[in-house]
Each structure stands twice: as C-alpha cells, then as structure tokens.
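Residue numbers (the numbering used here), protein chains in the order written: chain Y, 1 to 309; chain R, 1 to 311; chain Z, 1 to 474.
For the record, the hints were derived by calculation from the structure and aren't laboratory data. Honestly, I wouldn't trust all of these hints.
[What the hints assert, rightly or not] Only part of the chain R face toward chain Z is listed, based on derived beta-carbon distances under 10 Å:
(1) Ala188
(2) Asn192
(3) Gly258
No residue lacks a Cβ here, since even glycine has one placed at the ideal position from N, Cα and C.
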Amino acid sequence: MNFLARHRIILPVVSLAVLLAATFYMQPRAMSYFGLNLLFNLAVPIALATIAQMMIIMVNDIDLSLGAFVSLAACVTATFLNDTPMLGLLILLALILSYAALGAIIHALELPAIVVTLGMSFVWGGLALFILPSPGGESPGWLRTLMTVKPPFAPMAVVAAVIISIVTHLLIIRSGLGTVLRGVGGNARSVARAGWSVIWLKALAYGLAGLFGVLAGMALVGLATSADANIALRYTLLSIAGVILGGGEFTGGKVSPTGAVIGALTLTLAASFLSFMRLSPDWQIGAQGAILILVLTARLIFSRKGVET
Amino acid sequence: MNPLTKPWIWSWLAAAVAFGLTIGLTAGHGAGELAYAALSFGAFAAIVGLGQMLVITLGPGNVDLSIPATMTLAATLALKAMSSDPGTAFLGLCIAIAVGLGTGLANYFLIFLLRLPPIIATLAASLIYQSIAIWSNRGLRIKPPTGLADFATGRFLGLPNVAWVGLLLAVLVWILLERSVWGRMLLATGQNLRVARLAGVPVELVRATTYVSVAVFASLAGYLLASFSGGAALNMGAEYLLMSIAVVVIGGSSISGGNSNVPGVWGAALFMFLVVSMLNSYGAGAGVRNVLTGTIIIGIVIAASTRRVRA
Amino acid sequence: MLDHESALIVTLVDAAKHFGPVRALDGVSLSVAGGDCIGLVGHNGAGKSTLVNLINGGLAPSSGNIKFSEGATALVAGVRSVFQELSLCPNLTVAENLKISHSALKGPGWRRTARAEIRASLDTLFPGHNIDADAEVDTLSIAERQMVEIAIGFAPRGSRARLVILDEPTSSLDQGIADQLLTHIKRFCASGGAVIFISHMLGEIFEVSNRIIVLKDGKVVAERGSGEFTRQGLVDAMGHVAPETIEESGPKGDYGPEVFSTSQGLSARQGEIVGLSGLAGHGQAEALARLYLSRSSAWQSSKSPEVVFVAGDRPRDGVLPLWSILRNISISVLQQTAKRGFVNRLAETAVAADWKTRIGIRTDDVKNPILSLSGGNQQKVLFARALASSAPLVIMDDPMRGVDVGTKQDVYAMIRAEAVKGRTFLWYSTETEEVCQCDRVFVFRNHEISAELTGADITEEKILGASFEMQEAS
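Just chain Y, with the same shape it has in the complex:
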C-alpha cells in the first residue's frame, strides 16, 4: 500500500490545483477575489448535490433522480418558500422524509435503486412541472442575500465549499453514526449482525441525501433568482462524476466528502477554464468529457503504481 492509495484525497486536490494553475496562467486576472467568485460561482449547488449523491453511493446505491429532485426543490423554494414560508418549509421537509422512506422501501423490498430512482426522476420532474409549468418564481430575499454575501478574504463560493466539506467530513468520517453508515456500504451483513437496523441506516443515508438535495435546490435558486422545472437536470450526471472525481468508489462504502466537494469544484472550474481558453463553444462540452477522462486516468495510473510497489 503506498502513500497515494492510502491518502485518496491527494489526487483530487492535485487535479484541482493543476486546473486552477492552468486557469490562472491563461487568465491572470482570475487570480483575484472577483475572479475566483466568477470561476466558482455555480459551485455551491453542485457541491451540495454531489454530497447528496455521495450519501447514496456510500450505501452502494446510485441515484438517477437527483437532478430532477434538485429541480423540484428549487421550484418549491422559488414559489412556496417565497410566498408562504411555513408551507414551503413543510413541503421541503416532506421531500426529505420521502427520500428517507424511499431508502427504506428500496432496502425492505430489495429493489434495484437504479430503477426506483429512475422512476422517481419522472415523479419529481412531474411535480416540478406541476408547481412551475413555465420558468418563473422568485428567490426569497434572505436566500438571495445569503448566496451573494461577500465575506472578507475569500469569495462566498469558496467559503461555502470549505464549510460544506468540514461539516460533511465531521458528519460522515468523524462521527460514530457516519462510521456506521459507511460500514453499511462496506459490509452490511456485519453491521446487521452487530445489532444495527440496516433499514433505518439506509433510510438515514437517503434522508441525508434528500436534505443535501434540498439545500442544493435552495442554493441554486439563491444564485439564479428564479427557477424552472428543468433547472438542474444535468446535476444527476454531474454529481456522479463529482463523487468519482473526488476519489469515491461505486461500491464498498469508500467515499470522501472533502473529495466530493473538490470534485464538484473541479467540474465547475473545468467549464470556466474552457471558456478562458477561448475554445470554440462547439468543443466545450467535449473538452469537459476529456478532462473527466484525463483525471480518472491519472488516478488509475497512480493507484496501479501503488499496487505494483
């Protein structure tokens, strides 16, 4: 076991640093408070969505409905939470609880999560359309203020990313309950044998995913000031990519919250970097794919070296 394999967090950090350095090289003016703010503007909701996806991947499932769910949360935020805060809050709470219930059902009936969440993506998407048939709504004022606050030293997006990663690190890596949750991904049978109720633990993991999904939707509305039913559909795939970029694995409960946040930042930065490169817009999406492949290949080379030594 070598250093890199043991400290899985290093590679995501290095990839982000390299990408950041390249961006600064292309566009030195980005190396400022406002530059950074611009670069990472949309990182907060993506980071929250990635954390949500990580909760699901942590228990060996995968969530194909996250994008639709974040869109729905955004729609609720831009309408009910703005107009009738109490009702809005209740709806968001109900959404989180329904996510937890989903986890319990998936475990109890031994359903394939990929299919159930696929079906749920239609449900969430439909509910979002129901609430906001056409783009609109408005961000609650306090949320707008929160998302555009200008803290000293570092821009809001960076500060928020650091806070998110610290909080989730404490929750998932440091806390006892988080440890048990990761244990469910590692060896659910031994966790059950030690007297834990796996169905509750799964419900908890899904509930946490719901919570972070809702937070992602709120953050998105705070930035975008309005919502529509398709606002976050691409988050499903972005969040999966973010978790994997951050050193997580699809099975075995091997996840890293800090890594996931860094993965989300890397994905956001890749988009900004490409626009700085004055790459033809035709190739922007493709270059994102190429970056994704490149980073994962780098990880593969390093971890394979680790096996050889």
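With the hints as your guide, set chains R and Z onto chain Y.
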C-alpha cells in the same frame, strides 16, 4: 406452463390496459391510428432498448449512458454525408453504422484499458460525441433524402416500416440470445464474470462485442429517427437515456444481469408511448403525466420483484 | 474452576433447526458456563455452524429453546462470535470496526476510546502484533484481519465478553500467532470466561478445551471431558471413514511428456495426477488460478481448449445460478459442438444426459435449476462440466467441499480412469487424505513450493512437515 410466470407478460398487459383505457374514452374510435402511432414511436425506444438490454445483461454496473449522444452523432454525420441527395440512403446507413462501431469501440476502450466504471466512461465519452455532433452540424438542419424520409414514415402490410425494422432486430437479438453460442456466453458472463471466465468463456470478447452492439443499435435508431422526423436535432436523443433503461426494466429483464427478455422490451416500448397518450387523452397536464409514468414504472418494478420472491 | 451452576451463560434445551425438510440440527441440549472451554468437532454438514448461529442469535430455533442467564439476547448476554468468513467492514479502520459492534460508544472522543480499547485487546491477545488501529482493514493481510476480528470478539465493548465462539479462528494464522491465541483462550477461561472452539486441527482442540462435543448429523453423539477422549476415539466418534486404499496400482511411471512447467516450479506430465497441498491460504488457489488464466484466453474461445477448471468455492468460482443443470454443464462444450456459431442443442442435451448418469447427479430432469440441487450434487455438475470438455489438463481447486463420501470414491475412480486415458490433473485439496492419492505432490508454504513429494514419500507426516517446517525460523 402458466403464462403469468413469463416476465415479459406484464409489460404487454400494461400496454394493453393503457391501450384499452385510451380507446375506451373514444368508444373505439381511432384505435387503428393509436396502434399505428404506438408502433411507430415505440420502434425507436425498442431499438435502443434492445441494445441497452444487452449491456445490462452483462451484469451489475454495466450500462451505456452514451446512447443519446451516439444517436445524435450518427444521425448528424449520416445526414450531412447524404446532404439530401437522392440515392444516398445506403451511404448514410453505412456511415451511421460506422459511427456506432466507432463509439462502441471507444466506450469499450475506456472501460477495458482505463478500467473506468462503465457509467463514468460512457458518460464522459458521450460529452465528446456530443461535441463532435455540434461541431459537424453547426446548427444546420439537413433534410433526409426524400426516398429515405418516405421509407421512414411509410408502411408495409399496414405496419410502419420503422416497426418492421424494430421487429426484425428484436427477432435477431432473440435468436442470438437463445440460440447462439455468443448469446449463451453473454448470459453466463452476466451471471458471474469470474465463473464465466473460469468456465472458458472469452469474457472480454463478449464485453467488447456487447458494447459495440449497443452503440450500433443506438446509431441505427438515430439514423431512422432523423429520417422519420425530417432531420437531426442536437437534443433528439435526450429522452432515450432514461427511456432505454426504463423499457429494459419494465420489460422484465433483470437489472442485476444474466437474464434478458426480448419480447418484454417491445411491450415496454409500446407501453411507454401508450401511457403518455392515455394520460393525454384524459387531459392530464405534463406534470401529472410524468408523476403517473414514474409511479407506474416503480409499481411494475415492485410487482415484478415481489412475484419473484414468491416464485 | 468456578461453580458450574452459578456461572451459567447459555442453556439450550432440545434445540432444533430445520431448513425445509433438512434437519440441520436435530434436538441439541447443551449448557455453557463460565470457565468452560468447549471444543466443538464434527464433519462438514454435521450442524456446527447451525448450532453456533442458534447460540449467537443469528437464527431462531425451529423447536426447543435457548435461554441466556443475563438478558434476553445473545448480544446482552455477552455472547460474541468470530466467524470463519471475515465479517469486518473493509473500508473502515480497525478502530472504526470496533465501533460498529460497540453501539454504546458515542459522543466526541469516541475514536480515542475505540482506538485504546482495540489496541489493548490486540496487545493482550497477540503481543508484538504490529497492527495500526487507524489502518483501514483492506490494507491488512488476511491473517491480520483475522487477528483484528478475534480481538474485537474479546474486547469488552461496554460490557464484558462472557462467551466467545471461535469458528476455525486459526485457519489463516501462522503457528506462532495461533499459539498466542490458544494461550489467551486458556487464560480467558481460567478467569471465568467461556469459549466454544471449532477447529479441524485436533491438536488445538485437545490443547485448549476442557470439554469436547462431537456433532454428527445434527445430533450430539458424544460429550465428555477432553481427557476422556483419545485422538482416535474422537475421530471414530465423528464417524470418520478410514480412507479406503484405492487400487494399489503403485507408481505407474509411464507418463507422457511434460505438459507444462511454471516459473514457480510447478510442473506436470501427461497422464499424471499432481496434488497441491499445504495449509489453506498459502497460495495454492492463486497458483492454480494463475495457471488457468495464463493458458486460456479472455478474447477467443477455442474449439479445443487446453485446460478446464473445477471450482471448489461454488458461488464465487463455479455455479451460474440462474441456469439449469443442463446449461451449467454444457457451457464448456458449446464451442466444440457448435454449428456456425449456433448452439447444437441435440449435442448439448446428449452430453448433459450422459454425464447425469455417469456421475450420478440426483435430479429427475437436467432442465431443473442448478440451485435446486444440494451442494454435493452442484459439485458433481461442475465435475461434469470439466470432464465433458476435451481439454487435456484439468485444474481442480479443492473440489470436494461438501461432497459425501460415496461420491468422493466415485469421483476418485473417475479421475484415475481419465488419467489413464492420458489426461493430466492438477488437484489442490485441503484434505491430506485426498492428496495422498496423487502421483506427485507439491506442498506450498507462504506462496512458495516448499517440497515436492513422489511415490512412497507422499505421506501425511511428510506433507505436514513441509507445511510447517520453517515455523521457528520465521
């Protein structure tokens, strides 16, 4: 044998119920038109579904998320090469299939050589295919050659031509899976890759051909869809991402691999179209329609799984 | 010793467990008290794991009852089990794994407590162990994982371990570590704890236990103080069938040319039955898998394969669970009988029917699912799969697990007959008795070949000697 034990029966039953409820509203009027439309539109879902089914049969974690991008790329390049000239339909078909072979091999290359999980590999690759499509298309909408467009929208013996193509492919896949050595090897690989390898199955060959097949099916669907709808559009494949997985699962194939179900894919493809037209004809808005579609998908999955447990 | 009655931990009265028509455990009465160190022995399928699972609460009895003297559940009563299959979470650290089974451990600083507790337990059990409490379990070796698991079993975890059940705990430990464990068990029992110790190493059983229980066909057939048993008496009580001397044809010596030879030193000649022996987990299975993979391709299937594989770990390596018996057998001959890439269904059916009778698969129809068969019959299917193929080299990875004695004899005879016809067999077995029937034996130790035995040299003593030889030096 009790027909209810056949996993594909449920998707056909569901399709029949949706069909019955829709024409029940019009007291039987328009049944022929509805069936014709269902066969036309269902054909595209069935073709990509057949491909996705092969990949899902490979076992847990295997899925192709690049189907929409491959469809778009194949359609774009094929239509560009044909540039609406008459008599170029075959050239276009060859180009579409070549695109499928190319993307399939590229996907497999990423999965095998770079050891990326298929979900991530096909996702990342699809971004690149999408870019190539954007770059080559430049926002122009090229019409398919008239002959090809006539074929794609035409009918033969009362059935839409695209449905014939879909049926032909379904029969082909069925024969491959049930009767050929390759099909057996695919089913063995999907149950347990290690066991298959130790039993002498060339698992990498099976995986490579499967990932190429799904891409070829997707490119074919893209080629037909573009001809059917009068040109390629950049988002033409988007709805087929979830659709391709949904028809496989509703069709009764096991999501954990090793068990596939060809007739079920067609039943599910018809159902997915019919349920939307049913909800439309009952005046449901887009929101309600989606919610009900999702609920029905989950309902079918739960019904299928509890039936399995009892059996 | 403590007063037996007052220190009672668990009592079973006529406990039975049925799985459908199978009586895995058929009415067992047993009481365990502090100070007891019970050796539990019995053949495969005698009901040992079922008994263990009843005591630790993993299974509920079909009839009879189980009483704990303290609390209602095994967990509360301080009953712990250490299983044969590793049951740690590989993605967590050693200390975090302790936390999983110690639910009272919470609040800030739990990590420090967990670390201290597991360290203390490891230090007591295995002085000089060198295991880092913050290492993730999947970075540890198999032996280290087993040590961690044992240490968690004995750790206090908020209360006190009163009864620890150890199921083959020494199978992946080397002699020195195993001795440390045995020493600890004795110490633990002397201080009022109880242990149920399952092992196929009779020496260990005699060394630690003060009472031995022999299970056979789900019943206790003997229960006495360990001093009242002799080794032979114990073996007889288990119903051990003395190895029948099969066709003393003597060394044949008329083997064909060498079929292969690996850099590791493994080699075989045509028509030879080559045995692999040594302690479990010393690289035999890996060597076989490597050999198989290097001589077959993942890219093309051949009409005349060079090599076939008989798996012993059926779920992992052998059985295709969704398929019928027929398809499970025919997978190895599909390519040989195929016509233009299509399955020759007549040939396939004929092969399956032929082997059903030849090897005696107990089923009324080969179209039945493979999972409808018992373990031993599934194993016969795997033999049929391999022998039906024309491959000249047959690799067998401990293929007799869960196979009854009668079948074993049939299969031995079949292997011998095939070898005479010129097939080469490479046979890894954990049972020395089986290895002794081979023409040549390679003994493995620490992933290397430590001895090559031929002819009259193939004896249990020599094999054991080569398995342990360098123990002191390391």
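Cross-check of the supplied hints:
{"no.": "1", "hint": "Ala188", "verdict": "holds (6 Å)"}
{"no.": "2", "hint": "Asn192", "verdict": "holds (6 Å)"}
{"no.": "3", "hint": "Gly258", "verdict": "holds (5 Å)"}
In this structure, every one of the numbered hints holds.
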